[in-house]
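Using the sequences plus the hints, can you model the full thing?
Residue numbers (this note's numbering), protein chains in the order written: chain A, 27 to 178; chain B, -6 to 243.
There's no promise every hint is true.
When the alpha-carbon atoms are kept at most 27 Å apart in a straight line, the in silico DSS-like pairs for lysine-lysine are as follows [to be verified]:
#1 A/Lys152 <-> B/Lys178
#2 B/Lys6 <-> B/Lys18
#3 B/Lys7 <-> B/Lys64
#4 B/Lys178 <-> A/Lys145
#5 B/Lys62 <-> B/Lys18
#6 B/Lys203 <-> B/Lys120
#7 B/Lys218 <-> B/Lys53
#8 B/Lys53 <-> A/Lys115
#9 B/Lys54 <-> A/Lys115
#10 B/Lys18 <-> B/Lys53
#11 B/Lys54 <-> B/Lys64
#12 B/Lys237 <-> A/Lys40
#13 A/Lys145 <-> B/Lys7
#14 A/Lys115 <-> B/Lys116
#15 A/Lys171 <-> B/Lys163
#16 A/Lys152 <-> A/Lys81
#17 B/Lys12 <-> B/Lys120
#18 B/Lys64 <-> B/Lys6
#19 A/Lys115 <-> B/Lys45
FYI, nobody ran anything at the bench for these hints, they're computed from the structure.
Residue-level listing of the chains:
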Amino acid sequence: MTLFAEYLREGRLKLDKSVFADERCTYQDPCNVSRNGGCGRDAREIIKYLCEDFKEMEPHGDYNFCCGGGGGAIPMAGAFRERRIRSGKVKAEQIRATGASICITPCHNCYDQIRDLNKEYELGIKVLSFKEMFEEALIVPEELKAKDEDEE
Amino acid sequence: MAEKAGFDPQVFKKAVEEKTNARLKMWLEICAHCGLCADTCHFYLAADGDPKLIPAVKGKKVLEAFKKKDKIDEKWMEDFYWTVYGECTMCRRCTMFCPFGIDIATITSTGRGLCVSQGKVPKNLVKTIESYYEHGNQMEITEEDWVDTLQWMEEELQEELPGATIPIDKKGANVLYTVNAREPKFYPMDISQAAMVFYLAGEDWTMSTKGWDDTNLAMFAGDLKAAGYVSQLVRDAAEELEVKRVAITE
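Here you go:
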């Protein structure tokens, strides 16, 4: 993520902001990326290049709530699943309060947990990683694109 | 290290003694039970304020293990197991609000380590640890499957971007890109998306046939010996390939 922010800052990547212009986005700070990893600022920098309508959860950044899927809770599965979903209620309500249609998160634990919360708490959102959004929004120079065989 | 029945008091006592250190003792003794940590915890809030889920109360169970190390039995251990694995995700939010900065995550992790001494670890985490030792990743992905996945994703990507590649074991690259093993297993497109980003940014990057899984579920299990082994795999790959930076997925 730090690299992605660097590329955007240095102009090595260009994003088409209009792609997600009709969507309200929010961002899930993964505990080990933001609070414990100090990369919350990188995420916000990327978001400036990517989203027109961005709404923070409250609280966020260093004070974010865990999604409930951290500390190995996702792979523990089995009888732990119920506790995980129950403890995710706080995150589900935080997301709902933003009115967002997309929840971005760069962490696979958060990603899988929020997808589960989306179903269990009927949030009606899309959960996306930065990479998934980049795939849609990256501006690819014409000369790098695959050429249609008819044109060749 | 499979889950086994029974409780071995001697092993438990030894594990407690090994894990005792000044920092941990200070944290456990300095807690004033002020309760400021209570509503910082998502477990507590989601359960409408169940006092058993206050971080200080959960941490106190670890203190109990240290104080009553001779009197711990299987029943106590069972309750302890559910607390340390099922009621704390080691997110460290409570620490931000604690007047003493007590690190409940480290305390929970120590508690999980005590469970490890009894082989009482969630069996799916045990499976991942066995997989790290056997395959170098948590998802039992063989080196052959891994390289196949990378080549498959490269082909997919080249349909859109003919010049893009997924370099493997390129010496001296600027960036070694590592992923979560869930990606090749469940979300392989994550890899081609990352490759697209690196290609368009003109990055000199590589992936590695070994030490490519940047997760460490051994750490979350509380098995610090295995956790050290897992971290070392990535470090070894970085040194072997003489890369300048290691990037982890997003």
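Take a quick look at whether lysine 62 of chain B and lysine 18 of chain B sit within 27 Å of each other, Cα to Cα.
14 Å, holds
Under the criterion that the straight-line Cα-Cα distance not exceed 27 Å, is the pair lysine 203 of chain B, lysine 120 of chain B satisfied?
19 Å, holds
Does lysine 115 of chain A lie within 27 Å of lysine 53 of chain B when you go C-alpha to C-alpha?
Measuring from Cα to Cα gives roughly 25 Å; hence the hint holds.
Between the alpha carbons of lysine 152 of chain A and lysine 178 of chain B, is the straight-line distance 27 Å or under?
21 Å, holds
Take a quick look at whether lysine 145 of chain A and lysine 7 of chain B sit within 27 Å of each other, Cα to Cα.
45 Å, violated
Does lysine 53 of chain B sit within 27 Å of lysine 18 of chain B, going by the straight-line distance between their CA atoms?
Distance of about 11 Å is within 27 Å: holds.
Pair hint outcome, lysine 115 of chain A versus lysine 45 of chain B [Cα-Cα no greater than 27 Å]
Given pair lysine 115 of chain A, lysine 45 of chain B holds - Cα atoms ~18 Å apart, limit 27 Å.
Given hint lysine 18 of chain B paired with lysine 6 of chain B - CA-CA distance at most 27 Å
Holds, because 16 Å separates the two Cα atoms, which is no more than 27 Å.
Just to be careful, I want the Cα atoms of lysine 218 of chain B and lysine 53 of chain B compared with a cutoff of 27 Å; is the pair within it?
25 Å, holds
27 Å Cα cutoff - pair lysine 178 of chain B, lysine 145 of chain A
22 Å, holds
27 Å Cα cutoff - pair lysine 237 of chain B, lysine 40 of chain A:
25 Å, holds
Would the hint linking lysine 12 of chain B and lysine 120 of chain B be met if the CA-CA limit is 27 Å?
Holds: lysine 12 of chain B and lysine 120 of chain B sit about 24 Å apart, inside 27 Å.
The structure fails hint 13 only (numbered hints given earlier).
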